[in-house]
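Whenever a hint applies, use it, and build me the whole structure from the sequences.
Protein sequence lines, in the order shown, are assigned to chains A, B, C, D and E. FYI, the numbering for the first sequence is 1 to 304, going by our numbering. FYI, the numbering for the second sequence is 305 to 638, going by our numbering. FYI, the numbering for the third sequence is 639 to 926, going by our numbering. FYI, the numbering for the fourth sequence is 927 to 1231, going by our numbering. FYI, the numbering for the fifth sequence is 1232 to 1782, going by our numbering.
Since the hints were made in silico from the structure, they are not lab data. Please read these numbers as outputs of a predicted model, since none were measured by experiment. A portion of the hints provided could be inaccurate.
Stated by the list, open to error - Label pairs and their in silico Cβ distance ranges:
(1) Gln267(A) / Ala770(C): 51 to 59 Å
(2) Gln1557(E) / Thr502(B): 51 to 59 Å
(3) Arg786(C) / Ala271(A): 35 to 43 Å
(4) Thr440(B) / Ile940(D): 29 to 37 Å
Every residue gets a Cβ at the ideal spot worked out from N, C-alpha and C, and that includes glycine.
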Amino acid sequence: MIVERAAEPDLTVQPVLTVEDVSIRYEVDPPVDAVRGVSFTLHRGEILGLAGESGCGKTTLAYGITRLLKPPAVMTGGRVVLHGRAGRDAGGDQDDDEATTDVVALTGEELRRFRWDRVSIVFQGSMNSLNPVMTVRDQLHDVFTTHRPGMRRRVREQRCRELLELVGVDPARLASFPHQLSGGMRQRVMIAMALALDPQVMVMDEPTTALDVVVQRSIIREIMVLRERLGFAVIFITHDLPLLIEISDRIAVMRDGEVVELGTAEQIYRAPQADYTKQLLASFPSLSGTRGGFVRGREEVLGA
Amino acid sequence: MAFYLRRTAFYAVTVWAAVSLNFLLPRLLPGDPAAIMIGKLRRASGGRPLSPEVIASINAVLGPPKGTSLWEQYLIYWGRLLHGDLGISSTRYPARVVDLIAAALPWTVVLVGTATVLSFVLGIVAGAWVGWRRGTWLDHLVPVTTVLQSIPYFWLALVLVAVLAVQLGMFPIVGGYDVFDFPAGPEASWAFLVSAFTHAILPAVTIVISSVGGWLLGMRNMMVATMSEDYVVTAQAKGLRPSRVRSRYAARNAAIPSLAGFGIALGFVVAGSIVTEQVFSYPGVGRLMIQAVSGLDYSLMQGVFLVITLTVLAANFVMDLLYGLIDPRVRTHA
Amino acid sequence: MTPVDGVLSASHLVKTFRLRSGLRSTPVHAVKNVSFEVVRGRTVALVGESGSGKSTIARILAKLETPTSGQVLLDGVPTPTRGRALAEYRRRVQMVFQDPFASLNPFHSVAHHVERPVRIHHPELTSAQVAARVRDLLDRVQLSPADRFASRRPHELSGGQRQRVAIARALAPGAQYVVADEPVSMLDVSIRLGVLNLLADLQREQHLGVLYITHDLATARHFSDELLVMYRGDVVERGPADDVILRPQHPYTQALREAAADPERLGALRDEVRRSLRPLGQERSASA
Amino acid sequence: MRELMPRWDGKLAIGVATVALITVFALVVPLLAQDPRSSANPALLPPGPGHWLGTTKLGNDVLAQLAVGTRGSLFVGVLGGLVSLVLALFFGILAGYIGGVVDEVLMLLTNINLVIPGLPLVMVIAAYVQNAPGLGSLARSSLMVALVLGVTGWAGSAVVLRAQARSLRTREYVAAARVAGEGTLRIICVEILPNLVPLIAAQLIYGVIFTVLGEAGLSYLGLGPTGSITLGTMLNDAQTGQAVGTGAWWWFVPPGTIIAALGAGLSLVNFALDEVVDPRLRQAPQAVRRQRRSRAAITREEASA
Amino acid sequence: MRRALRTTTALITAGALALSGALASCSSSSADRSGVLRVWAGESTPFNDNFNPFSPDAVFATFGAIYEPLFFYNQLSSDPPTGMIGQSFEINGDGTVITVKIKPDLQWSDGQPLTADDVAFTFGYGPNKSPQMVSATAPDATTVVLTYNAPQFTAESLILGSTTIIPKHVWSSITDYASQTNEKPVGSGPYVLDSFSDAAYTIKANPKFRDGEPAVKEVQYLALDANQSGQDLLTTDKLDWSGQFIANPDSVTAGGRIGTANFQQDPTVIMACSNADLGCKGPQTDPAVRQAINLLLDRDEIAKKAFAGLTAKGNPAFLLLPRDQQWLADPATGESPQSPNIAAAQKVLEDAGYAKGSDGIYAKDGVPLDMTIVSPDGWTDYNDADKLISEQAAAAGIRIEARTVSDAEYYTPASTGDYQLMLWGLTQSLVADPYSNYHEYFASSGTAEVGTAPPSGQNFARYSNPEVDAAVTAAAATQDVAAKQAAYATVQQHIAADLPYIPVVVNASQAFFDTKDFTGWPSVEDPYADPLPYLSTASGVVLAHLKPVQK
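Listed below in structure tokens is the structure:
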């Protein structure tokens, strides 16, 4: 399997996002170094899992990569480079898609245009990511009116309907307000929105945590399908290591702001190197396997 | 729809309560407007005795109905009210309370309405701005406005008159319009509107200065809270222009509680405007209220109170409708 | 097996909420005729997704809700709704809540939380005895040294420590049955196991009957003897834990089982998606 | 516990200092100053060595009047604030905690009270009460004014408290207390109220500000307390005594300034309390400031490097 | 602001006691139209559209400017009344028949002739028809005969000087005079109504006025709610005439445009509910207490601080001196003590059996001297005086609590006797004869039991003294000066000792007027009428006298 995957050059060889030695500090009293010297490379079309427990810095890292750090977080060092989309015949009207961008250096208008167009985010709180007082249509249109000002209204509307269909939501829902949608539907709308500008990278921060497992499953499947069809790379952040192992190409395990282990899903699952990775894996009892380290298991052992 | 039904029902109950309170208060606490009026007539006639017919007619108009139960009186009261009959004023006998209020109400509605809307818009816009630029020097603006808010309206008004109107002569001192230029009263002309406008500036400024801080503070606080909402972060992540994020995503949501609190604040503004009208001899209902209270003119007092209450309720109702437009959630979830 | 000396049973529980919207109200059937038994010394897991009615059952058992119909029986006796009898019921049946950040009052110390149930249910104890008991309880939930923790307030504790306090509180009256409503779902993954193990240890030591409510099939399987699967207010499948998880009969249980993440299926989803898309390869350029 | 206490900062310090100064002034100065009703002094003296704030038309020492008036206003304010707080607690907490029909009824009453404009109602009630026979000197005492203002001014606080009580009621620790066997009253008093302390304090402060301003307004309209000196009656005296017309600013400006300062001081304390109730109000601006400073520092370092 | 309302009542009572007088000749009007005269007569917004001379709420221009009585009685002088509608009058020997000749060829402002028929109608109409009246007839177009069943010597000024004459052709169809608003008044005075709004109304010169159009063609009355506003408008050249209290008149007159006049006439007193027999309750029913209060007052300080030094000194004989000098029996009652004599006051109390308690308050039979004095809200001078009285009494060992009440709660308790002490304003008789004072305020015919209002008269102090009653009756039945002097001496002796009304000051009545644009204002040299815009009749007389300054 590993060999087979490594032999797929179109997916893994071209880097799309390079993160070099990124450090992020929260300027509270005393300052907290939330991310410390993290480096990794995201390849085109790849799903990179970012695993770790709460407070390990995985979400902060995601915000740092997308230049969305909330106060008082400050990126104190490092480079984030988004590589141009060479070799891909995307629409010729987006010149900067071709460019290699130093994300950290972006400011003002440049930064604003970079956002969503090339890297989009699906946030954790599917319930709150949508503006409660605007219709789905308005919020989708917003993306186009801002980034594609030349686009005609009819085309825009057509595109919005397509997007909803793409994520499996009835286009009639365009007229709905967020509160009229179920949690799963809201998250699908968010994913549709994240796809709107055909970005190279999509960051997904616990996109399914608040959802029921069955819904969660169908959304993850949807993401996988879309990734296959559209070819964007995904940084998938979650504490749910088993899920990551199941869906990711590679996994970075974070703890206390550092990546303690980075490897393919197979490596992480079958042959974890770091103690922390092992500990984390052991925390998830196997659904179908043996009972692992559980007390009741111990009881059986004792009884045996 | 359910939201509107519920609100309408609420207003109906509130109107009923206000009217009933109005009916009950003078009956709970004694006080005889007829006796006061008769006393006044007696003094006016220089100690000459009043004819029994006059006393009978005053008692009939102002006195408590005799031989009827409270319930019957209540029904009669409602009947009269529904015919637009608020009784006869005893301080301005025999003027009808309705006529007195009809002449005064437009002034108050326009003055207080304009000043309130102005104050609201100013406060919301400034509050949104200060909240947006949180963590900058603008933060210090917020405590300053609370000082303004803590100044008694009438005190501020008196100082403004003394300085701006009397000393500097920048504004007219009293009245709703220039009575010297328009001796025949209000007329439909541009010049009159200009005159009314210049007379309204200082009272309006007083109301705005005293009330803008509340809106500003509320809006700023909500704005700060809203700014950390996910949908605002999402909007920023979407690369939307800051102006759009501020207005459509942050401010619009942050303004919702201010709209909801409009009713409370309006009550305060109306209170302030009553004393403000007094300082400026402004021909509004606040003035009538004060005169009614000092002259123990119960009919006028009740009439003005009722009309002020109904006006505030109407304003609240309008705000509720607006609220429904701005916050779609209330339309479906009651 | 340990002798069965007590049973807490739910008998034909029905709970219907009225959802008001304007002047209309629509009934929401949260629980539809559910029966089961929790025997001392055994653990019953109640598994289901949010909205399945499992938390409502927990609240009914904890006497926080009154069932629309049906009964909760303790040792076969219908349970009271008020008065001294209710206090006695509360002494025997306790609850551990889902969110340890919300279930402890930020205003009060750890000692207060554990001490109150002791005082309420054992008014005969002197202050010294109460203090000793609190220390003992804290020791038992591995918050040692107890004196160091007793004076702390919830915000000074980690999530795991808080949930241990919550467990100590539940044990404080001398409970025989514990309803644990998603006791670890709000905790970090690495400490979940510890808390569950503690609960299991206590159960064994104290011979508790535990109703373990969760949405997590894996822990339900490992932690319980019997497993009930709830779907939209009904129990759709029940049986010994391993049987239900490894050989699900009901389509819903199967779906749940299918949806649960399983690292054993590494890469399977991607491959399946790819296979399903290959014939439609041209679609990619059409929609891009 | 600490998170229930306001964070000490400049605004709070200024607020507390202002309120404390005014309170000390109101409590101590009357003991030192002359009888505020003494007319033994010449009339309308401007501020000078003998009378630091001059004298009124009757020859009353303005400083003495100011101190006693401040005390009177504080008395009315605190009393009115307490009355409205008690009512707000009753309506708000009860409605919020019990919910259901009780909530509906109490909230209806509250909302009615809320939308019926306050001052006109106060004026009407004051007019009736003050002319009701049998009350004697109580009818126009500052006690009665405080009561009337308190009875009409609680609704806003009740709404706020109810919303908070409702949200606290659904907190799991309240459910946990019930499961532990606590009684309803004890849950309200021990589990819910302590967490409402900052909010209750804020509402009390609003109540005090409302009552002090309300008393001033009523006094200006001639419906204030008679027989006792408050800042409102002082302003009323100054206004009717044509302090503005005669240029006796020392009679007119100090009472208004004290009211404004008291209101502003209390509001500043409320800022701090607001920040306790909603920590984001403090944290968000602070975070932005820190982020900006840190970024500036990094830029400087890079520039110097 | 309330000061404005108070002037309303001052006007009303003043009108009721008017003296007669002939209208000073009015100069022929020049054809030039000059500036509008702007007046604040003390009214507040909004104006009532009410020109009914029988209504207490009628606007001020109704009296004097639009409607007139037969004669003008100038309160400021002891000269005989001047004719307005009336030319001359005669009273028969026993005082029961008054024959009035009116001026010929008079016209109402609507062009209808004004004849004796209108006058006779007026006296038979509504409240003018007194129980003592037998008939009012008009034997010819200029003669009116009023017949009574009792002597009317002392009612002369009321009948001739303050009964506004109304046109029969308008009023004969009006039955309920009390609720009439008479929005289109038809009168005989120098002005007619031009326009009305609730913020201002304008009267313009009446071309049909018997002496020709007055020189000031337009007069505008304003409504203001605060004295401060009036003062501000005077200062800023917006107002030409007002009668209001301004503590520092210099601030207004310093500019040179505004002149001022202050003719003090009306006594301000502490009115005591003095008669326990009629139901009065409280220590003030004891004359000794009232005497003590009289002695302890520091009137000088009250005048200076409460009344800005603008008042005159009062006297316990209730005479307007020096106008009424001939009626003063004992020089000792010619002026109330101006400085306090606490020792004397305490001696009076101790002689009457009071002793100082441990709290420093005098008491008798365990009842302390503890009373309440009331004044209306916003009547600053009264409120201030009350405060001073309270403080001065406390110094002497009497507790008097000063309270303020609403206007309505001031007048009603006064008339029904539901009070202990009140600061009260008496209205000075308009003629140089104190009869109306004694009859209105001291005769028991003008009082009633506590709880009911007197049917006539204003003896709200409930004073009742048979000797005073007899003396007042005797004075009413004679026109002999010596007999009257003797009767008045008796009255003065009793009221100065019993003090049902304790004199405090004689109230200021400040008028402010524009001397730059208008001439002809009354002055100390030529006090032809009191220049207060709120006075009835007199204000009309002043208006007819004014001339615009030609520029």
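These are the hints, each one checked on the structure:
| no. | hint | verdict |
| --- | --- | --- |
| 1 | Gln267(A) / Ala770(C): 51 to 59 Å | holds, 52 Å |
| 2 | Gln1557(E) / Thr502(B): 51 to 59 Å | holds, 58 Å |
| 3 | Arg786(C) / Ala271(A): 35 to 43 Å | holds, 40 Å |
| 4 | Thr440(B) / Ile940(D): 29 to 37 Å | violated, 20 Å |
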